[in-house]
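Enquirer: What follows is each chain in one-letter form.
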Amino acid sequence: MLDDMDRRLLRYWQADPSLTPGELADHCNMTPGKAARRIARMQEDGVLQGVSAVIDWTALGYTVEVSLRITLDKTQSSAFDDFLTQARTIPEVTEIQTFLGRVDVRLNVIARDMAHYQQVYRAGILTLPHIADIEALMQVARIKAQEALPL
Amino acid sequence: MIDLDTTDRDILRALSRDASQSASALGRRFGLSQPATWRRIRRLEEAGVIRGRRLRLDAEKLGFGVTVFLGIKLATKGRVSLEDFERAVSAIPEVQTVEHVLGLYDYRLRVVARNLPDFERVLRRRIMTLPGAGEVEANVLLSEERLAGPI
Numbered sequence: 000m001l002d003d004m005d006r007r008l009l010r011y012w013q014a015d016p017s018l019t020p021g022e023l024a025d026h027c028n029m030t031p032g033k034a035a036r037r038i039a040r041m042q043e044d045g046v047l048q049g050v051s052a053v054i055d056w057t058a059l060g061y062t063v064e065v066s067l068r069i070t071l072d073k074t075q076s077s078a079f080d081d082f083l084t085q086a087r088t089i090p091e092v093t094e095i096q097t098f099l100g101r102v103d104v105r106l107n108v109i110a111r112d113m114a115h116y117q118q119v120y121r122a123g124i125l126t127l128p129h130i131a132d133i134e135a136l137m138q139v140a141r142i143k144a145q146e147a148l149p150l
Numbered sequence: 000m001i002d003l004d005t006t007d008r009d010i011l012r013a014l015s016r017d018a019s020q021s022a023s024a025l026g027r028r029f030g031l032s033q034p035a036t037w038r039r040i041r042r043l044e045e046a047g048v049i050r051g052r053r054l055r056l057d058a059e060k061l062g063f064g065v066t067v068f069l070g071i072k073l074a075t076k077g078r079v080s081l082e083d084f085e086r087a088v089s090a091i092p093e094v095q096t097v098e099h100v101l102g103l104y105d106y107r108l109r110v111v112a113r114n115l116p117d118f119e120r121v122l123r124r125r126i127m128t129l130p131g132a133g134e135v136e137a138n139v140l141l142s143e144e145r146l147a148g149p150i
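Protein chains in written order, with numbering that gives the first Met the number 0: chain A, 0 to 150; chain B, 0 to 150.
The following block holds chain A by itself, in its conformation from the complex (with noise of 0.2 Å):
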């Protein structure tokens, strides 16, 4: 079980996931052996899983990015298997999420212009199996993107 040191160094973390651990160890008030085994332990136990680098996208060039809502044809045993190994595929799928809902899927895709994105949605995301429906949410802006869990 996680204890309030443990909580405030998450939050800490979290918060700026860049701090070395002799930083995190110092806003925390905790000496840097001390951090690093509570570290340690959260690694063990599975609570942290480790530490990604974000990419931008639109730094890469690719400014179109869409959420597509997918409901599957039920009705086929294997839709939700046969429909995720194949969009597992399409390399400008980046999220796959799916749900309790209205909506079965949500695939998150990535285009570097309009063009392209017809080009992905055609050749890529109409050839999946099983779809019964798609709506599609273009991004206009990202308003709060870090994702922190309210430790």
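FYI, nobody ran anything at the bench for these hints, they're computed from the structure. Some clues are possibly wrong.
[Claimed, not checked] Here are the simulated SDA-like cross-link-like pairs (lysine to any residue), alpha carbons at most 20 Å apart as the crow flies: (1) K73(A) with D3(A); (2) K60(B) with R101(A); (3) K72(B) with R125(B); (4) K72(B) with E82(B); (5) K60(B) with R6(A); (6) K72(B) with I142(A); (7) K72(B) with R101(A); (8) K143(A) with D44(A); (9) K60(B) with D44(A); (10) K143(A) with R53(B); (11) K143(A) with R50(B); (12) K143(A) with T66(B).
[Claimed, not checked] Per label pair, the in silico range of CB-to-CB distance: (13) R8(B) with M0(A): 39 to 45 Å; (14) A58(A) with E144(B): 21 to 27 Å; (15) E144(B) with L150(A): 19 to 25 Å; (16) D44(A) with A24(B): 33 to 39 Å; (17) L103(B) with D25(A): 44 to 50 Å; (18) E134(B) with Q42(A): 29 to 35 Å; (19) I1(B) with T74(A): 43 to 49 Å; (20) E82(B) with D2(A): 35 to 41 Å.
Note that beta-carbon positions come from the ideal geometry of N, C-alpha and C, so glycine has one too.
Since the structure of chain A is already known, use the hints to place chain B on it.
Expert: What follows is chain B alone, placed relative to chain A:
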């Protein structure tokens, strides 16, 4: 926009998986010296390709058993209400991401909660009471995968 060669792409892919790897470890893997690797990482950061870093935490192990994606339509439109809405929604700790979108909804939210009753509390007391909030659609997250993308 910057051009990436194969080695840049290898480094970017490796860092998006695990950003805690040192420049010397990455260099050994891709046949580069430590300073050469470091310079390449610096260049990716300076060009904004690496937007930042993100802690990967196991939400469930930290007590957040429910993640919900919300689509929100604004009831009243206009410049003032958009700004008020964005400021108010971003201030809710349980709201992890906010995107302004075009399509069936105006905003896309990612919300975490301890459990379903807790989610209901967040929805009723914080989201439904936001200035301008109209129709809300909720889909409960069942599974999620993040893919490497077209690097």
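Enquirer: For each hint, tell me whether it holds in the structure or not.
Expert: A quick look at each hint next to the structure:
no. : hint                             : in the structure
1   : K73(A) with D3(A)                : violated (45 Å)
2   : K60(B) with R101(A)              : violated (27 Å)
3   : K72(B) with R125(B)              : holds (15 Å)
4   : K72(B) with E82(B)               : holds (14 Å)
5   : K60(B) with R6(A)                : holds (12 Å)
6   : K72(B) with I142(A)              : holds (16 Å)
7   : K72(B) with R101(A)              : holds (16 Å)
8   : K143(A) with D44(A)              : violated (29 Å)
9   : K60(B) with D44(A)               : holds (9 Å)
10  : K143(A) with R53(B)              : holds (14 Å)
11  : K143(A) with R50(B)              : holds (14 Å)
12  : K143(A) with T66(B)              : holds (16 Å)
13  : R8(B) with M0(A): 39 to 45 Å     : holds (41 Å)
14  : A58(A) with E144(B): 21 to 27 Å  : holds (23 Å)
15  : E144(B) with L150(A): 19 to 25 Å : holds (24 Å)
16  : D44(A) with A24(B): 33 to 39 Å   : violated (24 Å)
17  : L103(B) with D25(A): 44 to 50 Å  : holds (47 Å)
18  : E134(B) with Q42(A): 29 to 35 Å  : violated (42 Å)
19  : I1(B) with T74(A): 43 to 49 Å    : holds (48 Å)
20  : E82(B) with D2(A): 35 to 41 Å    : holds (40 Å)
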